[in-house]
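2 protein chains.
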Amino acid sequence: MAKILITSGPTRQYIDAVRYLTNASSGRMGRGLAAAALAAGNEVVIVSGPVEVEYPAGARVVWVVSTEEMLAVATAEFEACDGLIGAAAPCDYRPVHVEPGKIAKTGEPLQLNLVETDDVVATLGAKKQGRWVVGFALETEDHRLRALAKLERKHCDLMVSNGVEAMNAETNTVEVLTGAGQVVGRFTGPKDEVAQGILGVIHDRLIG
Amino acid sequence: MAKILITSGPTRQYIDAVRYLTNASSGRMGRGLAAAALAAGNEVVIVSGPVEVEYPAGARVVWVVSTEEMLAVATAEFEACDGLIGAAAPCDYRPVHVEPGKIAKTGEPLQLNLVETDDVVATLGAKKQGRWVVGFALETEDHRLRALAKLERKHCDLMVSNGVEAMNAETNTVEVLTGAGQVVGRFTGPKDEVAQGILGVIHDRLIG
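So the protein sequences, as listed, match chains A and B.
Quick note: the first sequence uses the working numbering, first residue 1, plus one each step.
Quick note: the second sequence uses the working numbering, first residue 209, plus one each step.
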């Protein structure tokens with residue numbers, strides 16, 4: 001039994017009082033992972049961006065909006081956890097300037113200056129010490145190669161690689177990769193079942 | 209009895225294969241307006257962006273993603289309708305260039321060049337001929353003044369003015385304004401009841 005931190009869902013980076021950058025992450029994979037982790041007897045904390053899914057009652061859920069909030073809460077929660085599953089899709093760009101009101105239309109083009117947000121999994125991976133970290137990589141091409149590069153850069157023990165078609169879908173196809181580039185799991189199907197498969201690999205290799 | 213077109217929810221403007229600009233419009237006001245319109249014996253067509261709310265079974269719903277799609281579908285549907293209630297919050301900026309893949313992080317700032325999308329209510333208002341058009345104005349300041357300016361610019365018969373706190377909220381406070389600047393309705397409460405109030409004004413003044 002382990003205490004597992006799961007990040008889930010998208011985050012939002014507001015550009016003004018109304019408009020924001022985000023993605024279609026639904027939180028379904030995070031929900032599936034939480035259910036599988038609880039069923040296997042683990043304790044689960046979920047840090048989630050705004051989603052409509054209902055997380056399992058057995059999990060403690062902390063709601064956040066922005067990537068900065070997700071990072072701050074996840075950093076604090078990670079202290080008392082044995083491992084992290086980074087299933088969220090945090091918005092990784094934020095505007096340099098956030099307009100406090102609503103930007104009024106003028107008919108003219110609008111130039112938006114964005115900078116990268118801090119990477120949640122990479123930041124926690126860099127200070128994981130004895131804890132394990134599992135990341136997710138969502139790519140449109142060179143899935144396996146890019147997933148391995150992310151595994152290394154983010155100090156992950158395992159990386160779950162999936163395609164962009166996974167986003168907001170009911171089903172999913174993933175590969176679970178080790179740092180040596182070995183494929184130690186390949187799962188296709190409804191997200192709940194794929195989540196069970198991933199959790200099984202995590203139990204075998206990291207929780208033991 | 210009238211045939212009423214209702215636009216509802218947000219739209220999304222993708223900047224690459226994963227990320228998009230949007231807002232937190234929930235579709236609840238559109239749902240409430242549709243329910244009130246159906247209860248009053250009207251026929252209802254809803255053109256909706258991606259939302260989780262369930263629209264009334266009696267309405268025909270056409271789903272869209274982007275503002276361009278919402279405008280195209282609403283333009284076609286408006287032909288056979290008596291009036292439009294523009295309750296949607298279409299994303300009103302789109303990137304000049306949409307990256308077909310997922311923009312890879314480089315550590316460098318990202319400059320996003322946005323242009324305004326065509327305004328759905330203004331475009332339909334300009335060719336309304338004998339039909340009526342009711343718009344919604346969401347403002348963070350000078351609500352009434354800005355709502356009246358929008359009423360005129362978008363060729364609306366009535367404008368519903370509300371504050372940004374309405375977005376994704378369960379309750380709402382609105383004023384219904386005429387072109388003469390007269391406040392002909394003021395409603396506060398759960399969105400379904402506010403929607404009934406607005407529909408009552410529309411019936412009194414436009415459907416008759």
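Simulated from the structure, these hints should not be mistaken for laboratory data.
Be aware that a few hints might be false.
A few chain B residues facing chain A, derived, Cβ under 8 angstroms [said to hold, decoys possible]:
#: 1; residue: 226
#: 2; residue: 227
#: 3; residue: 310
#: 4; residue: 315
#: 5; residue: 318
#: 6; residue: 320
#: 7; residue: 324
#: 8; residue: 346
#: 9; residue: 348
#: 10; residue: 351
#: 11; residue: 352
#: 12; residue: 365
#: 13; residue: 375
#: 14; residue: 379
#: 15; residue: 381
Away from chain A, derived, C-beta distances all over 12 angstroms, residues of chain B [said to hold, decoys possible]:
#: 16; residue: 281
#: 17; residue: 307
#: 18; residue: 398
In silico BS3-like links for lysine-lysine, alpha-carbon gap of 30 angstroms or less [said to hold, decoys possible]:
#: 19; chain 1: A; residue 1: 128; chain 2: B; residue 2: 313
#: 20; chain 1: B; residue 1: 336; chain 2: A; residue 2: 102
#: 21; chain 1: B; residue 1: 313; chain 2: A; residue 2: 102
#: 22; chain 1: A; residue 1: 127; chain 2: B; residue 2: 211
#: 23; chain 1: B; residue 1: 336; chain 2: B; residue 2: 211
#: 24; chain 1: A; residue 1: 127; chain 2: A; residue 2: 3
#: 25; chain 1: A; residue 1: 128; chain 2: B; residue 2: 335
#: 26; chain 1: B; residue 1: 211; chain 2: A; residue 2: 102
#: 27; chain 1: A; residue 1: 105; chain 2: B; residue 2: 310
#: 28; chain 1: B; residue 1: 335; chain 2: A; residue 2: 127
#: 29; chain 1: B; residue 1: 336; chain 2: A; residue 2: 105
#: 30; chain 1: B; residue 1: 313; chain 2: A; residue 2: 127
#: 31; chain 1: A; residue 1: 3; chain 2: A; residue 2: 128
#: 32; chain 1: B; residue 1: 336; chain 2: A; residue 2: 127
#: 33; chain 1: B; residue 1: 335; chain 2: B; residue 2: 211
Fair warning: this is a prediction, and the values are worked out from it, not measured in the lab.
Beta carbons: idealized from backbone N, C-alpha and C, even for Gly.
Against the structure, the hints come out as follows:
A least Cβ separation of about 5 angstroms between residue 226 of chain B and chain A falls short of the 8 angstroms threshold, and the interface hint therefore holds. With its C-beta approaching chain A no nearer than about 5 angstroms, residue 227 of chain B sits inside the 8 angstroms limit, and its interface hint holds. About 5 angstroms separates the beta-carbon of residue 310 of chain B from the nearest beta-carbon of chain A, less than 8 angstroms, and the hint is met. The beta carbon of residue 315 of chain B is positioned within 8 angstroms of a beta carbon in chain A (closest approach about 7 angstroms), and the interface hint is therefore held.
Hint on residue 318 of chain B holds. Least Cβ distance to chain A is approximately 4 angstroms, under the 8 angstroms limit. Against a cut-off of 8 angstroms between C-beta atoms, the interface hint on residue 320 of chain B holds, since the closest Cβ of chain A lies about 4 angstroms away. Annotation: interface hint on residue 324 of chain B holds; nearest CB of chain A at approximately 6 angstroms, less than 8 angstroms. Below 8 angstroms, beta-carbon pairs count as interface contacts, and residue 346 of chain B has one with chain A at about 7 angstroms; its hint therefore holds.
The criterion of a C-beta within 8 angstroms of any C-beta in chain A is met by residue 348 of chain B, whose closest approach is roughly 4 angstroms, and the hint holds. Interface hint at residue 351 of chain B: violated, since its Cβ lies 11 angstroms from the closest Cβ of chain A, which is beyond the 8 angstroms cut-off. At a threshold of 8 angstroms, the smallest CB-CB gap from residue 352 of chain B to chain A is about 15 angstroms, leaving the interface hint violated. With 8 angstroms as the threshold, the beta carbon of residue 365 of chain B stays out of range of chain A, its nearest partner Cβ sitting at about 22 angstroms, so the hint is violated.
For the restraint placing residue 375 of chain B at the interface with chain A, the shortest Cβ-Cβ distance is roughly 7 angstroms, inside the 8 angstroms limit, so the hint holds. Residue-level restraint check for residue 379 of chain B is violated (minimum Cβ-Cβ distance to chain A is 18 angstroms; threshold 8 angstroms). Hint status for residue 381 of chain B relative to chain A: violated, with the closest Cβ pair at about 17 angstroms, above 8 angstroms. Distance check on residue 281 of chain B: its Cβ is at least 20 angstroms (rounded) from any Cβ of chain A, clearing the 12 angstroms threshold; non-interface status holds.
Some Cβ of chain A comes within 12 angstroms of the Cβ of residue 307 of chain B; the nearest lies about 10 angstroms off, and the non-interface call is violated. Once the 12 angstroms rule is applied to beta carbons, residue 398 of chain B is consistent with being away from chain A; the minimum gap is 19 angstroms. For the hint pairing residue 128 of chain A with residue 313 of chain B, the CA-to-CA distance comes to about 23 angstroms; that is within 30 angstroms, so the pair holds. About 28 angstroms separates the Cα atoms of residue 336 of chain B and residue 102 of chain A, which keeps this hinted pair within 30 angstroms; it holds.
Of the supplied pair hints, the one linking residue 313 of chain B and residue 102 of chain A holds, its CA atoms being roughly 28 angstroms apart against a limit of 30 angstroms. Of the pairs offered as hints, the one joining residue 127 of chain A and residue 211 of chain B is violated, with about 61 angstroms between alpha carbons and a cut-off of 30 angstroms exceeded. Proposed proximity of residue 336 of chain B and residue 211 of chain B is supported: the alpha carbons are some 14 angstroms apart, at most 30 angstroms. This hinted pair checks out: residue 127 of chain A and residue 3 of chain A have alpha carbons roughly 17 angstroms apart, not beyond 30 angstroms.
The suggested pairing of residue 128 of chain A with residue 335 of chain B is violated, with an alpha-carbon distance near 61 angstroms, which exceeds 30 angstroms. For the proposed pair residue 211 of chain B and residue 102 of chain A, the alpha carbon gap of about 33 angstroms is over 30 angstroms, so the pair is violated. Taking the CA atoms of residue 105 of chain A and residue 310 of chain B, the gap is near 28 angstroms; set against the 30 angstroms cutoff, the hint holds. Annotation: proposed proximity of residue 335 of chain B to residue 127 of chain A is violated, straight-line Cα distance about 61 angstroms (limit 30 angstroms).
Pair hint residue 336 of chain B plus residue 105 of chain A holds up; C-alpha atoms about 23 angstroms apart against a cutoff of 30 angstroms. Straight-line distance between C-alpha atoms of residue 313 of chain B and residue 127 of chain A comes to about 21 angstroms, which keeps the hinted pair within the 30 angstroms bound. Simply put, residue 3 of chain A and residue 128 of chain A have alpha-carbon atoms about 14 angstroms apart, close enough for the 30 angstroms limit, and the pair holds. Straight-line distance between C-alpha atoms of residue 336 of chain B and residue 127 of chain A comes to about 61 angstroms, which puts the hinted pair past the 30 angstroms bound.
With a C-alpha separation of about 17 angstroms, the suggested pair residue 335 of chain B and residue 211 of chain B falls inside the 30 angstroms cut-off, and the hint holds.
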